[in-house]
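Can you build the whole structure from these sequences, using the hints too?
Counting from 1, one number per residue, gives the positions in the sequence shown under my numbering.
By construction, these hints were calculated from the structure, which means they are not laboratory data. Each hint should be verified, as a subset may be incorrect.
Said to hold, decoys possible - Cross-link-like lysine to aspartate or glutamate pairs, in silico, EDC-like; alpha carbons within 16 angstroms at most:
| no. | residue 1 | residue 2 |
| --- | --- | --- |
| 1 | K136 | D75 |
| 2 | K299 | D242 |
| 3 | K17 | D49 |
| 4 | K269 | E257 |
All of these numbers come straight from a predicted model, not from anything done at the bench.
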Amino acid sequence: MPQLNSAIISTGSYLPKQYVTNDDLAQKIETSDEWIRTRTGIEGRHYGDETETTTFMATKAAERALEQANLTAEDIDMIVVATVTPDYTFPSVACLMQKQMGLTNASVAFDVQAACSGFVYGLNLIDAQIKTGQIKRAILVGVEKFSSILNWEDRSTCVLFGDGAGAVVIEATDNPNRGVIASKLHANGNLADLLHGTGGIAATQTAGHVSMQGREVFRHAVREMVGVVSPLLEKNNLKTDDIDWLIPHQANMRIIEAVTKQLDFPMEKTIQTVATHANTSAASIPLALDDANRKGTFKQGDLLALSAFGAGFTWAGALLRW
Numbered sequence: 001m002p003q004l005n006s007a008i009i010s011t012g013s014y015l016p017k018q019y020v021t022n023d024d025l026a027q028k029i030e031t032s033d034e035w036i037r038t039r040t041g042i043e044g045r046h047y048g049d050e051t052e053t054t055t056f057m058a059t060k061a062a063e064r065a066l067e068q069a070n071l072t073a074e075d076i077d078m079i080v081v082a083t084v085t086p087d088y089t090f091p092s093v094a095c096l097m098q099k100q101m102g103l104t105n106a107s108v109a110f111d112v113q114a115a116c117s118g119f120v121y122g123l124n125l126i127d128a129q130i131k132t133g134q135i136k137r138a139i140l141v142g143v144e145k146f147s148s149i150l151n152w153e154d155r156s157t158c159v160l161f162g163d164g165a166g167a168v169v170i171e172a173t174d175n176p177n178r179g180v181i182a183s184k185l186h187a188n189g190n191l192a193d194l195l196h197g198t199g200g201i202a203a204t205q206t207a208g209h210v211s212m213q214g215r216e217v218f219r220h221a222v223r224e225m226v227g228v229v230s231p232l233l234e235k236n237n238l239k240t241d242d243i244d245w246l247i248p249h250q251a252n253m254r255i256i257e258a259v260t261k262q263l264d265f266p267m268e269k270t271i272q273t274v275a276t277h278a279n280t281s282a283a284s285i286p287l288a289l290d291d292a293n294r295k296g297t298f299k300q301g302d303l304l305a306l307s308a309f310g311a312g313f314t315w316a317g318a319l320l321r322w
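So, in structure tokens, the structure goes:
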């Protein structure tokens, strides 16, 4: 029996209808377009309204990925959703998606909570399920409604985040030149206080707000996002020059620029959506993937490197052939 690989065969996304520019925010808080742009590279972001729940956005993104793959919900064996902003403590967004999509065949549906690294965490889990023959096809979604947990009194943090969902369909293939080559997950809970939510069901019975020590997070993010890619390349006898496209977590442009500089990788081969999406946490990488895919950026056989960093701290990387 040939070795199975896990290949991304389609992508989808959903961005809320409301687009909020930096100038719009300047009408609400003490900030300016110039201040935000020069420090983050962000020009605007999407915010969901009361109808655009986390489950709604995730389902829309998944349906678009299925449509691109010419598949239906009944073709899916597993749903994995990466998010830190679920609609409810339980049930999971994945189970609510299963209901909304009328998906009766999926035997597994669950959420992953690894903040901005959640999509790559989910990719690692699905890859293992496929390579051990437990499933044939899965939907992986990264989705966040960060507008619901922003502290508008913290002007240095609230301008950074946006809402949205990105999804991929991942399928088993025996093509040795397609799919996930390798992935690696990391975490360090000792640094949790540098980036965290202030609420929690058991702790405060509230959702709380995002709290971040920006300079320290920046330093760790750059170091770990660089550090997770290099060992993956080395272990698989690859070099930075072999990467066709780098898809980093879209936290802010300064982090992306610092990562590419330390990797000695060209910015023109780095997918960038942070300007119009802002930081969408777990949705960041799949949104960037869908944006590039629908523009025809990737060609078959391209080597993609994914690199993410988020609260926890968590960080993760993956190499895959398109």
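Here's how the hints hold up against the structure:
1. In summary, the hint linking K136 to D75 is supported, as the alpha carbons are separated by about 9 angstroms, within the 16 angstroms threshold.
2. Of the supplied pair hints, the one linking K299 and D242 holds, its CA atoms being roughly 14 angstroms apart against a limit of 16 angstroms.
3. Taking the CA atoms of K17 and D49, the gap is about 8 angstroms. The hint holds against a cut of 16 angstroms.
4. Only pairs whose Cα atoms come within 16 angstroms are accepted, and K269 paired with E257 is accepted, the gap being roughly 12 angstroms.
Of the numbered hints listed earlier, not one is contradicted by the structure.
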